[in-house]
Each structure stands twice: as structure tokens, then as C-alpha cells.
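Participant: Just need the whole structure built from these sequences, with the hints factored in.
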Amino acid sequence: MAADPLDDYIDAVSKALALPVEDAWKPAVKANLEVSLRLARLVDEFSLPDETEPASVFAA
Amino acid sequence: MTAGIDGLSAAEIASAVSGRKLSALAVTEAALARIAKHDPILNSFTDVTADRARAKARSVDAAIAAGKNAGPLAGVPFAVKNLFDVQGLPTRAGSKINRDLKPSPRDATLIERIEAAGAVLVGALNMGEYAYDFTGENVHDGPSRNPHDVTRMTGGSSGGSGGAVGGNLVPLALGSDTNGSIRVPSSFCGIFGLKPTYGRLSRARSFPFVFSFDHLGPFARNVGDLALAYDAMQGPDAEDAACTTRPAEPVMPLLTQDIGALRIAIAGGYFQKNVFPEAIEAVARVAKALGTTRIVEIPEAARARAAAYVITTSEGASLHLDRLRQRPNDFDPAVRDRLLAGAMIPAPLVDRAQKFRRWYRAQVIELFKSVDVIIAPATPCVAPKLGQTTFVLDGVELPVRANIGIHTQPISFIGLPVAAVPVPLEPMPIGVQIIAAPWREDIALRVAYALERAGVVSAPPPRGI
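Heads up: the protein sequence lines correspond to chains A and B, in order.
Position one of the first sequence corresponds to residue 1 (our numbering), numbered consecutively onward.
Position one of the second sequence corresponds to residue 1001 (our numbering), numbered consecutively onward.
Derived by calculation from the structure, the hints in this document are not laboratory data.
These numbers come from a predicted model, not from an experiment.
Since no wrong hints were added, every one of them can be taken at face value.
Using 27 Å as the maximum straight-line C-alpha spacing, the simulated DSSO-like pairs for lysine-lysine come out as follows:
| no. | chain 1 | residue 1 | chain 2 | residue 2 |
| --- | --- | --- | --- | --- |
| 1 | B | K1288 | B | K1273 |
| 2 | B | K1096 | A | K26 |
| 3 | B | K1385 | B | K1273 |
| 4 | A | K15 | B | K1096 |
| 5 | B | K1096 | A | K30 |
Facilitator: Here is the structure:
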């Protein structure tokens, strides 16, 4: 069975961010990440005009 | 001696204390006695600030004896979720890690303001770790327990706030709401809660979770007390970058205004899915009392909830990144694993969620041109059992944690003001959201007040203690 690319992604990002993700935690981290990415796709697939600005608060 | 004090509302206490019929000290002692008696079961308090409370009560009594006005909340005991800075306590925010912080040098702005109105802080309250929670459970401090059935959740993350007010230990409490953490415990514990407009109340000197969505607000057992507390805390504060510069807009003088001219509708579509019969019943009772059958659709609410979820997990991870690196084993494992996953969300997806947020806000503002109030469930169900991880809805098994806040998240996502009102169903109460346009807390509270006057919503006496 081919390795799940999400497992590789978790390993790569945890190394890049110096996050200590122990093997025992990985299934739960992966399950959470899958939910987040599924929900993020819902937003990602919704087309917005290029001019749309984010809602974050900033005042110069 | 305390028998005549225990059931008093905040307004009744303030009136009696100001009128020298009761001393603030006697009221404080009665609250401390209730906490000592019932909190070993409810577990809503993590700190009881008895010495501080007695000193404050004595100062209120002294002010009144000297003929001074002690304020609209004179002698009223209150408590705060333990993410508020309380002078002399480390702000634990439900965590093990934060217990190592130095004691706070100064109270949170909202504590300073509500104490300036005469209220008496009696302690800090249990909460879900770092507010990333809808259950009110806490692995370090134990779960807060529902005052109507102590085998059930209080709801989170302001679980201790819900339990302390629902259990009648204090007439007022403060909490925070990022995705539903005021409205969910209000619903499960059968009390009133106000999540104001984003930016309305200062968050200065409270421990954050998600800058984009964090709100603070009050809990109470009736609408008048909720409004009293809210009015005492309003006003700009340069120490919170998101706090409004609008002047205070007191709601107390407006509560009794007629609501007959308000255009009121029920949230349809998304808000009528994934709900248990008790939530449908609660919304139906409120709608009937308000004489409305009109349904409005809040556009793209499911996507709004999704975007709120993504921003929450990403900003939460950013906040805790160093702690995740240095002390991962000191987190609640469930919170840690959610935050670790949040750190792995690609940045463009978060940016798109913030862009969607602006789009969605514009749509909802447009909707409010044709409606003044939208009613929706506060939670899909009454309080689940402590430790319960799934429930079955329409034959489908669903995770509890992920679904408790599905009806609150699309609303706080764009900072709309909401009064959560309790429908006293048997055996467990459940809440309904009264949602208004930004900066119209007055409208949400007027409708809540009318519902209370009509006998449709009320905080039931604690049934489980």
C-alpha cells in the first residue's frame, strides 16, 4: 500500500516548524488535520473576486 | 441568615445594599457559603478570592455609610472565567502550563469596570484548556458539572461560568466566546448570556485564543442583570487593539421598549439541520411568542462555520507554537493534537478564509436591511453526558465536540451580537440565540426581555444540587 502523502506532509511540516510530533500523536494530529483541510476546501472552492480584502483588523 | 439572600438577583442585591437593608459583607459571606456548600460537586471555581471579596465588600459598605453612591452593582458577587487577569493570580486559562506564570499585576479591564460599579469579585472559574473547547471538561482541574444534572456537561469553554450562575452560586459571571463559549454554556446550564458585537467590550488583560474572534461578555439569571453588567463594562479601551472607539451605549433604559415594530425571523436552512427535537421545540416556542413564522436564509452559513474553524485552529496554533515546542506533554493531549494540526494549515487557506469572512459579512449586513432579529438554536441538543463523545442524530453517529458549536460559529465569525436565552424545558433547559445586526445589542436584549416578561424564557432553579 502506498504511503499516505499526508503522513509525509505532517513529518515535513513538523520538521520545518521544529514541532515535536511523537509517533503516538500522529493519528490524532492527522485526523484533526484531515477535518481542517476538508473544511478549508469548502472555503477554497468558493470563488471570490481578486479584489476581495481579508477581514483582519489593522489601522495604520 | 443567608436564606433571604441566596435567591436575590443582582439588581435586588444592589438595591438592598444601596438602601442599607443588606450589607455587602453579608451578601459576600452568603455567596462564599454557597460556593463552599455546592462547589465541591459543581467544580465551577478554581480560585475563591475570599479575602479580596471581604475587603471589597467592606469598602462598599463603608462608602454607603459615608453617603456615597456605591454604584449600580453595589455588593453584587461575581466571578470570572480563569482567563481573565486577576491581580495576584497567575492567569491559567484552563491550562497546566500557565500556572507557572507570575501572578497578574493588575485586573482585566472588565473586572476593573464592573468592580467600579460596586460588584465584588469572589473567584475565578473553571474552563476548557486555553478555551479550545465546547464541553466544559478539563483534564487538569476536572470537569465543571451541570447544575441541573451533575452527570452532564456545563458546555464550554466557559463551563465554570455556566455552572456558577446556573447553580445560583453567584448572580453574575464573566466569560469569553470565540466560537460559542458564552452561548453554549448558557444553553446547557439554562441561563442568559450576552456575546456582544466583536470589539464592543475590552479584552485587555485576558488570555487570548483567536484574536479574530475573541469576545468577552456576561452571564446572568435574568435579562435585567445581564444588561446591568453589560452597561457597567462598556466603553473604549486603547489597551485592546480591536476595542471600539464608540462611546458606551447603555441598554438598561431601552429594555422595556416595545418590540412590536421589530422585524423578526427564524434562521432557516443550515440552522434547521443537525438539530435534536429539543432545539426545534425551543426555537418554535420563542418564534411563537414573538409571533413570527418568517424564515430567512443566512447565506453560506456552512462555509462560514468552515472558515471559522480554519482561522481558529490556525491562529490558535500560532498563539501556542512555542508552548507546543517546549511543553507538549503539559497540554491536554486532545487540545495539543488539535493545535499541532492547526500549525500545519497552509497560509493561503487561512488568508482565503479571512477574505471569505469579509464577503460573508457583507451578505449578512445586506440581510439585516430587511430583518432586525434572527432567531436560531444555541446548541443542537441539551447538555450531553460528561465524557460523551458521540450522539446519534437521524440514525447517524456524530462526534459531540465538533457538533456542539455548529450553530454558534457562523454568527461569532462576523461578530454579531447575540443574547442567548434559556427555554426551561424538562428535564434539561436549552438556549436560543437572539441575533441582531452589529452594535445592536439593545435590540437583542429588548427581545430577550420581552420573552422573559412573556414567561417563555427563564433560568430554572438548579435541579441537580
